[in-house]
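Chains as they are written, first to last, in the numbering used here: chain L, 34 to 818; chain X, 327 to 438.
By construction, these hints were calculated from the structure, which means they are not laboratory data. Possibly wrong hints are sitting among the right ones.
Here are a few chain X residues that face chain L, going by a calculated C-beta distance under 7 Å [said to hold, decoys possible]: (1) P336; (2) T357; (3) E358; (4) P383.
In the SDA-like style, the derived pairs of lysine to any residue whose C-alpha atoms are separated by at most 20 Å in a straight line are [to be verified]: (5) K343/X <-> Q466/L; (6) K522/L <-> R360/X; (7) K411/X <-> A728/L; (8) K522/L <-> T430/X.
Here the structure is a predicted model, which means the values were calculated and not measured. We put the beta carbon where it would ideally sit given N, CA and C, even for glycine.
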Amino acid sequence: MWGEAWVVHRLRRRLEADVFEDVRQRRRVLEALREAWDARRTRMGGTALVQEPNVKEGVGGLRDWHVVGWVARIGYGAPSVRAWCAEGMTSGAAYELAHAAYDFLLRVRNEMHFTMGRRVDQLTLDVQPVVAEQLGYRDARGMCASERFMRDYYRHAHELHQFSEGLLERAWTDIHGPVARWDRVERREASRAQASLAAWFSRRRSRARVATFSPDLSHAPEPLFAIVRGHLVLRGDPPPGALWILHAFAVAQREQIPLSDELKWDIRRRLLDGAGDPSRSPEAYRLFLRLLEPRGRVASTLRQMHELGVLVRVVPEFGRITFLVQHDSYHAFTIDEHTLRALEALDRLARRGAAWDPEERRLSELFESVREVVPLYLGVLLHDIGKGQGSGHVPRGVRIAARVSRRLGMDERARQEVVFLVAHHLLMSHVSQRRDVTEESVLAEFIARITEGGRVTDLDQAMERLKRLTLLTYADMKGVGPGVWTRWKGAMLLELYERASEYLQRRLARSTDDAPWGERALEQIARELATEFPTEEVIHHLAQLPERYRRAATPERIAEHLRLIARLSERPVVIRWRLCPERSCTELSVCTFDQRGLFARVAGTLTAHGANILSADVYTRRDGIVIDTFWLTEVGVEQPIGPERWPRIERDLEAAVCGRLDVAAAVRMWRLRARRNRSKTSSRAPLPPIVRCDAEASAHCTVIEVKAEDMPGLAYAVAHALEALGVNIAFAKIATEKNLAFDVFYVTDATGRKLAPARVPLVERAIADAVRALSAPSLQPESAV
Amino acid sequence: MKKIESIIRPHVLEAVKDALQEIGIVGMTVTEVRGFGRQKGHTEMYRGSEYRIDFLPKIKIEVVLPDEMVDAAVDAILRVARTGKFGDGKIFILPVAEAIRIRTGERGEQAL
Numbered sequence: 034m035w036g037e038a039w040v041v042h043r044l045r046r047r048l049e050a051d052v053f054e055d056v057r058q059r060r061r062v063l064e065a066l067r068e069a070w071d072a073r074r075t076r077m078g079g080t081a082l083v084q085e086p087n088v089k090e091g092v093g094g095l096r097d098w099h100v101v102g103w104v105a106r107i108g109y110g111a112p113s114v115r116a117w118c119a120e121g122m123t124s125g126a127a128y129e130l131a132h133a134a135y136d137f138l139l140r141v142r143n144e145m146h147f148t149m150g151r152r153v154d155q156l157t158l159d160v161q162p163v164v165a166e167q168l169g170y171r172d173a174r175g176m177c178a179s180e181r182f183m184r185d186y187y188r189h190a191h192e193l194h195q196f197s198e199g200l201l202e203r204a205w206t207d208i209h210g211p212v213a214r215w216d217r218v219e220r221r222e223a224s225r226a227q228a229s230l231a232a233w234f235s236r237r238r239s240r241a242r243v244a245t246f247s248p249d250l251s252h253a254p255e256p257l258f259a260i261v262r263g264h265l266v267l268r269g270d271p272p273p274g275a276l277w278i279l280h281a282f283a284v285a286q287r288e289q290i291p292l293s294d295e296l297k298w299d300i301r302r303r304l305l306d307g308a309g310d311p312s313r314s315p316e317a318y319r320l321f322l323r324l325l326e327p328r329g330r331v332a333s334t335l336r337q338m339h340e341l342g343v344l345v346r347v348v349p350e351f352g353r354i355t356f357l358v359q360h361d362s363y364h365a366f367t368i369d370e371h372t373l374r375a376l377e378a379l380d381r382l383a384r385r386g387a388a389w390d391p392e393e394r395r396l397s398e399l400f401e402s403v404r405e406v407v408p409l410y411l412g413v414l415l416h417d418i419g420k421g422q423g424s425g426h427v428p429r430g431v432r433i434a435a436r437v438s439r440r441l442g443m444d445e446r447a448r449q450e451v452v453f454l455v456a457h458h459l460l461m462s463h464v465s466q467r468r469d470v471t472e473e474s475v476l477a478e479f480i481a482r483i484t485e486g487g488r489v490t491d492l493d494q495a496m497e498r499l500k501r502l503t504l505l506t507y508a509d510m511k512g513v514g515p516g517v518w519t520r521w522k523g524a525m526l527l528e529l530y531e532r533a534s535e536y537l538q539r540r541l542a543r544s545t546d547d548a549p550w551g552e553r554a555l556e557q558i559a560r561e562l563a564t565e566f567p568t569e570e571v572i573h574h575l576a577q578l579p580e581r582y583r584r585a586a587t588p589e590r591i592a593e594h595l596r597l598i599a600r601l602s603e604r605p606v607v608i609r610w611r612l613c614p615e616r617s618c619t620e621l622s623v624c625t626f627d628q629r630g631l632f633a634r635v636a637g638t639l640t641a642h643g644a645n646i647l648s649a650d651v652y653t654r655r656d657g658i659v660i661d662t663f664w665l666t667e668v669g670v671e672q673p674i675g676p677e678r679w680p681r682i683e684r685d686l687e688a689a690v691c692g693r694l695d696v697a698a699a700v701r702m703w704r705l706r707a708r709r710n711r712s713k714t715s716s717r718a719p720l721p722p723i724v725r726c727d728a729e730a731s732a733h734c735t736v737i738e739v740k741a742e743d744m745p746g747l748a749y750a751v752a753h754a755l756e757a758l759g760v761n762i763a764f765a766k767i768a769t770e771k772n773l774a775f776d777v778f779y780v781t782d783a784t785g786r787k788l789a790p791a792r793v794p795l796v797e798r799a800i801a802d803a804v805r806a807l808s809a810p811s812l813q814p815e816s817a818v
Numbered sequence: 327m328k329k330i331e332s333i334i335r336p337h338v339l340e341a342v343k344d345a346l347q348e349i350g351i352v353g354m355t356v357t358e359v360r361g362f363g364r365q366k367g368h369t370e371m372y373r374g375s376e377y378r379i380d381f382l383p384k385i386k387i388e389v390v391l392p393d394e395m396v397d398a399a400v401d402a403i404l405r406v407a408r409t410g411k412f413g414d415g416k417i418f419i420l421p422v423a424e425a426i427r428i429r430t431g432e433r434g435e436q437a438l
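Working from the sequences, and respecting the hints, build out all of it.
Put into structure tokens, the structure is as follows:
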């Protein structure tokens with residue numbers, strides 16, 4: 034301070050009297066300090082590793098040191114932090130590190146003010162290189178000056194924050210007493226919603242419980258740990274060596290409880306004192322690998338380990354990327370932070386969320402189906418480990434990953450998987466977004482990379498690999514920064530996965546037995562249904578149906594169809610009903626022999642009974658057997674067709690198929706009745722129907738698309754028009770979305786070939802007219818039957 | 327001045343960008359979009375016997391240019407973005423009433 038001495042003296046006297054001597058006032062000030070500490074931490078991003086840290090107010094900033102000083106003075110009467118630490122609050126080594134950090138931050142802040150000519154405390158991206166240069170940093174070994182500077186900055190800020198937090202925890206305990214300690218911790222946990230340290234912990238409100246965990250330490254037969262008020266503590270003094278540290282993490286992970294601050298302090302102190310290295314023993318590595326097994330719990334454990342400096346002891350190579358900045362606006366975090374966030378994204382997939390996007394839900398399914406997750410987690414942990422030394426981070430990463438996985442004692446197969454993931458962690462991003470994945474050649478090339486040029490021949494291993502790589506790609510993108518992962522990219526990634534997995538199954542089947550497409554798939558389905566149907570029958574059935582059917586039908590559905598077909602020997606038409614409450618409709622399957630106008634007759638009969646066709650699948654076997662599946666509701670209400678109606682509809686369906694029912698008349702009757710009953714629903718003219726024929730979409734059929742406003746009897750009207758023109762329906766897909774109907778018909782002419790181009794306009798017009806006639810408002814009597 | 331909006335397959339973005347730059351177009355805006363056309367993806371991969379209109383990922387490129395460059399730009403895009411398969415996308419041409427460069431206030435074709 035600079036000025037009149039008497040002002041300073043008076044200030045000091047007032048402070049002594051009003052604050053330092055008054056116990057209640059001290060408490061109040063300390064409370065306020067504590068709340069401000071929590072609030073500041075939350076406000077400043079919860080971590081020191083933000084891209085543009087605030088030197089003064091940020092996590093690990095100058096304020097940390099100031100608060101420690103204030104607490105020392107107000108709570109303990111110590112004139113300085115050094116004096117306070119000399120009293121035994123912390124080890125000398127810890128103090129020196131923290132003080133060096135404080136010194137560094139001061140220099141940085143001063144440099145910022147000098148260079149920018151004004152009071153700036155935020156180390157923005159444009160300021161960083163300037164300050165770096167001023168402080169004497171230079172480009173070296175693949176890192177530019179500002180990257181090397183920021184790495185040091187993060188190291189110091191992190192150190193300072195660890196130091197301050199630890200000290201303040203003890204201070205709060207001392208001031209408020211040990212009983213209140215746990216309340217304090219719990220309250221703090223709650224307020225740290227965003228902080229990385231406590232975010233993942235679930236709350237265990239058990240009473241004091243003893244963990245009967247005994248590690249394989251022959252010199253410590255009694256359990257090492259206890260759980261007190263939901264936190265893990267050591268019973269007694271820390272054992273020699275450092276294996277117990279890894280055990281602590283294992284127990285905490287298993288019980289899903291946080292480490293107590295005391296335990297964290299013990300760990301930190303043991304590491305600082307250097308009396309024990311948790312690494313360099315096979316036992317330690319084995320313990321570490323076990324930490325990578327529980328799905329959904331790995332990231333939080335590894336983050337804790339990293340914050341306490343344990344991770345870097347077990348995997349020293351991780352130290353290269355700790356606090357390592359990637360200088361572009363794309364990467365919001367340092368590489369170690371990015372890696373931890375990628376792991377967290379992976380963990381989140383293990384927890385099913387109801388409000389997820391379909392892409393993440395699918396990825397979650399993939400994650401569940403992966404059998405071995407340790408290579409995946411390790412792959413994510415190491416995927417960027419080669420960064421920070423200039424270009425070529427992928428091959429370098431591969432070498433490091435090979436070394437690390439060998440040191441950790443993984444078996445050869447697992448090592449290969451880890452190395453593969455690190456080597457190809459950019460592949461799927463690139464292929465899905467930059468290459469045409471609908472091209473066979475592109476898929477072939479991609480799969481060749483997955484199988485390493487055919488070295489991997491086992492389908493299961495290749496599929497596992499593909500799934501893990503997909504998940505790694507997802508995790509990597511999620512961990513880069515907000516907004517990098519989008520549903521758009523997710524859709525692209527999954528498209529590549531689905532196509533590649535399909536190709537893979539085909540490919541590897543071909544490599545084992547030179548069968549044409551589908552043989553292997555056919556055999557698979559036949560095997561699944563072998564209990565009920567002879568294999569030849571299944572294959573015979575599938576061989577007569579188009580690709581579409583094989584791809585779309587599940588084994589259950591195929592079995593259903595086969596059962597229907599089996600009953601065709603007893604009666605001309607086989608019908609099966611099923612209520613679908615989850616879709617509020619009724620499913621109707623009709624199996625019979627094909628004939629001219631069959632679909633029109635069935636659709637018309639349904640319409641005449643007041644059934645609204647929501648959607649329909651029509652398949653015709655080459656031998657003439659037809660399987661039609663309809664999903665129906667009652668016209669006007671979104672209710673399924675009740676079972677009481679089924680017998681009558683069945684009777685009429687059979688009559689219609691056998692030619693005994695005049696379907697056209699029945700439909701007309703129903704329409705007249707319906708119009709009389711229905712009040713004018715809307716005065717607006719219905720949308721004009723859109724009918725389009727496509728001669729290219731299918732190899733054997735002309736595809737007719739009809740888009741119209743959904744009306745009861747629409748399917749019948751279209752089918753009837755087609756029948757009148759002598760056009761045969763081989764396959765149909767009817768669907769309604771809100772009040773629009775999208776009907777697709779795959780048709781042939783009477784000879785079974787595509788429609789002649791000259792006929793197409795006629796057909797289109799006829800259909801459009803038929804649809805328009807449906808909505809004609811006039812109640813003109815139809816021509817006499 | 328006209329604006330060309332093209333919906334294209336994502337993987338041809340680089341090629342389209344290069345082709346447009348070759349004919350002298352200096353600026354463009356690119357968005358990741360989702361959409362569908364007539365095919366609605368139903369001959370494609372999404373499995374299951376449900377008929378779903380799926381929104382397929384595409385890229386939208388927007389370019390504003392002088393009238394005389396429109397034909398060359400359209401030709402360039404067609405040349406490079408066409409694969410011949412369903413899903414190639416569409417090009418739309420819209421009139422532009424005015425263009426202004428924010429930094430300098432220039433208007434009209436000078437702002438492009």
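ask   = Looking at the structure, which of the earlier hints fail to hold?
value = 2, 8
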